[in-house]
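Visitor: Residue numbers (numbering that gives the first Met the number 0), protein chains in the order written: chain A, 0 to 378; chain B, 0 to 123.
Keep in mind the hints are simulated off the structure, nothing from the lab.
In this text, all values refer to a predicted model and were calculated from it rather than measured experimentally.
For each residue, glycine too, the CB sits at the ideal point set by N, CA and C.
Do not rely on the hints blindly, as some may be mistaken.
As the list claims (entries may be wrong) - Cut-off 27 Å, straight-line C-alpha distance, at most; resulting in silico cross-link-like pairs (DSSO-like, lysine-lysine):
| no. | chain 1 | residue 1 | chain 2 | residue 2 |
| --- | --- | --- | --- | --- |
| 1 | B | LYS81 | A | LYS80 |
| 2 | B | LYS48 | A | LYS110 |
| 3 | A | LYS175 | A | LYS368 |
| 4 | B | LYS36 | A | LYS39 |
| 5 | B | LYS48 | A | LYS272 |
| 6 | B | LYS80 | A | LYS110 |
| 7 | B | LYS22 | A | LYS272 |
| 8 | B | LYS80 | A | LYS80 |
| 9 | B | LYS70 | A | LYS272 |
Said to hold, decoys possible - Not the full set, but computed from the structure, chain A residues with beta-carbon under 7 Å of chain B:
| no. | residue |
| --- | --- |
| 10 | ILE6 |
| 11 | TYR12 |
| 12 | GLN17 |
| 13 | GLN40 |
| 14 | ILE82 |
| 15 | TYR101 |
| 16 | GLU104 |
| 17 | LYS110 |
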Amino acid sequence: MTQPIKISQILVYYDDPQVFVATNLVGQRYIGLLVDEDEKQELIYICVPVSRQRFEDYYFGRIDLRTVFTYPEISIWLIAKGIENEWMETTEFEGNDLPEDYLPERGFYHKLAYNDRNQSVIRDSLEFNNVALHLRLSNGNGGIEMGTLAEFSKSFQNLVRNVAKNVLMEESQEFKHQYQREENYNLYAHSGGHGSFVLHLHSRSEGDFPGNVLMERILAIIDTLIVKDLEKEKVIEALRTVKGHALNSYKKILEDISSSGITFEYEWHAPLKTKPSKRVISTAYAKQVNDFLSEVEELIYVEVSFEGTITKIDLSKGAWSILNEEDEIEYQGSANPEHLAGIVSGTQRYRLVCQESIESVEISGRETKSYALMTISPV
Amino acid sequence: MREWFEELGVNCPPAEAIQPDGKLLYRLVMGGQISDKSFYSKRKEGAKKPYPVSECIFSAVSLWDSFEQAKDLSLLPRFRKKGAIVCELILHNQDGLIADTLSLGHWSWWRSNSFSLTSTRLIP
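Between the sequences and the hints, there should be enough to build the whole structure, so can you do that?
Guide: See the structure below:
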C-alpha cells in the first residue's frame, strides 16, 4: 500500500535534504532520512512516523537520530524514492528491523544554537510550521484594558502590513503575484498567556525554501528598526531603513506606548531560524525614539501621482476628485485653493503629485489614506 | 567581471550572498581524495532537483562553517558508506559568493571559475 507524504521542513541540508520532516494527507508527521541513491540518481529515504512529543525530543536534542529510527513508537517505516514532486509516494518497508546500512551512527543530534529555556514560541512555530510571534504588554498593574490590547494589536498588524507593502514594492511581478495575498502578512491569534498579557500569534505566510517566507522578512525588518542602542545616529539610521506608511505605523506604536505607560515586547521564531528574536520597547525608549523621529518626519511622507480627468472641484473647501486612469479609481484629496485656480473638470487631463498620509480609524482599525495636493499640471 | 563555474539563473546568487573574504569552511569529500568534482553542485552532477529546494540553492555547493558539523554528517548513512573525510577550504573573494542558508552552520557557495584546489586540504 502506498501513501503520499510531503516535506514540510528540512532539518539538515547538504547538497540534498538529508533529514526532513514530512506529513501525510491526514497530518501525521514523519522524520525522513536520506540513506542512498539508486543507479538513476533517485534519492532513497527511510521515514518513520513520530508523535509531537517524539519529534520535540529529537528537535530539542534529547534523543539522537538513531534512536528515532531504531526505537520507533510504531514499528512501521516507509521508503520514499525521489523527491522531485510536491508529494512523494512511499511504500512500506518490509522487515522487522532496519538494516545497519539505513541507520546513522550513534550521536547525531539535532543542533540548536542556544540554550533558551523558554521554548514556548519555538514550540508554536514547530506546531504551525510557520512563523510564531508572542506579543507581550505589561504595565505593572496586573491587567491590560481590552481597548488598549485591541489598539496595540491593530497597530502592530498595521506595521506588519505596511512593511509587507514596502517589501513587495521592491520585488519582481512574479513574487508580488505569489505573495501579495493578505494571508502572507496577517497574524492570527491562537492563545494567550496570563500574568502580564501575552498574545500568541502565528502566520500562514507561504514561502519556498530557503526560508524565503514573507513574514520572516517583514519581522526581520522590524527587528532592525528597533535598535538596542539609543544613540541618536544609530536610531535615525535604523529609521531610514523603513519609510513612508510603515514608519508612520511604527510612530503610532511609539506614541501609544509613551501615552499609556505600557512596556511592549515581542518574540518570534520560524521553523528554520536558529534562535528566536526578541525586542522590547519601554515607555522611556518610545519617548526618546519619537523625539528623534520628529527630526526626520519627512521620511514618513509618501509621494504619489495620479493622471486623469478631474471629476469634482470645490474651490471654497479646497477639495478635488480625480479619476485615475491607471487603476480607474476615483481619488479625493485636499489642496490650497490657490493651486486649484483655473483647473477645470471634464475632458482636460491633469497630472497630480500628492503627499499621501495614512490615518488610523479607531473602531475598525483599518487605515484610510488622505492626499494633499503638491503640484498639478495639464497633460 | 566574475565568471561562474556553472550557469546560474536570474537573481542567483541571491542579493544577500556575500564575498567570502578568506572564510574557512568545510566540506565532506568522498573516497578520501580531493578532486574538482568534490566541489560540484548537484545541478552540475546532473541530479534531479528535490521539490522543496530552489534552483539557486541546488546550483550551489554545500559547506559548513565548523569542522564538527561537517564531521557529524559522516555519521549519516549516506556518508558512512562512502568513506567521507572532512576537507577544509579557504574561500577568497575571487572564488565566488556565499550565503548562510537552510540550517545552522550551513553555507551555500556559488563557485566561480577562479577557484583553485590549492585552497583545500583534507583533515583526516
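Visitor: All hints, please: hold or fail.
Guide: Evaluated hints:
1. Distance check on the hinted pair: LYS81(B) and LYS80(A) sit about 20 Å apart at the alpha-carbon level, within 27 Å; holds.
2. At most 27 Å may separate the alpha-carbon atoms for a hinted pair to count; LYS48(B) and LYS110(A) meet this at roughly 26 Å.
3. At roughly 22 Å between alpha-carbon atoms, LYS175(A) and LYS368(A) fall within 27 Å of each other, so this suggested pair holds.
4. For a cut-off of 27 Å, the pair hint linking LYS36(B) to LYS39(A) stands: about 18 Å separates their Cα positions.
5. Between LYS48(B) and LYS272(A) the CA atoms are separated by roughly 23 Å; this keeps the pair inside 27 Å, and the hint holds.
6. With a C-alpha separation of about 23 Å, the suggested pair LYS80(B) and LYS110(A) falls inside the 27 Å cut-off, and the hint holds.
7. Only pairs whose Cα atoms come within 27 Å are accepted, and LYS22(B) paired with LYS272(A) is accepted, the gap being roughly 22 Å.
8. For the proposed pair LYS80(B) and LYS80(A), the alpha carbon gap of about 19 Å is at most 27 Å, so the pair holds.
9. For the hint linking LYS70(B) to LYS272(A), the alpha-carbon distance of about 22 Å falls within 27 Å, and the restraint holds.
10. Residue-level restraint check for ILE6(A) holds (minimum Cβ-Cβ distance to chain B is 5 Å; threshold 7 Å).
11. Satisfaction of the interface hint for TYR12(A) is found here, the shortest Cβ-Cβ separation to chain B being roughly 4 Å, below the 7 Å cut-off.
12. Checking GLN17(A) against chain B by beta carbon gives a least distance of about 6 Å; that is within 7 Å, so the hint holds.
13. Annotation: GLN40(A) was flagged as interfacial toward chain B, and the flag holds, the nearest CB pair being 5 Å apart, inside 7 Å.
14. Annotation: interface hint on ILE82(A) holds; nearest CB of chain B at approximately 4 Å, less than 7 Å.
15. Of the supplied interface hints, the one on TYR101(A) holds, with its beta-carbon coming within about 6 Å of a beta-carbon of chain B, less than 7 Å.
16. Because the beta carbon of GLU104(A) sits about 4 Å from the nearest beta carbon in chain B, less than 7 Å, this interface hint is met.
17. Against a cut-off of 7 Å between C-beta atoms, the interface hint on LYS110(A) holds, since the closest Cβ of chain B lies about 6 Å away.
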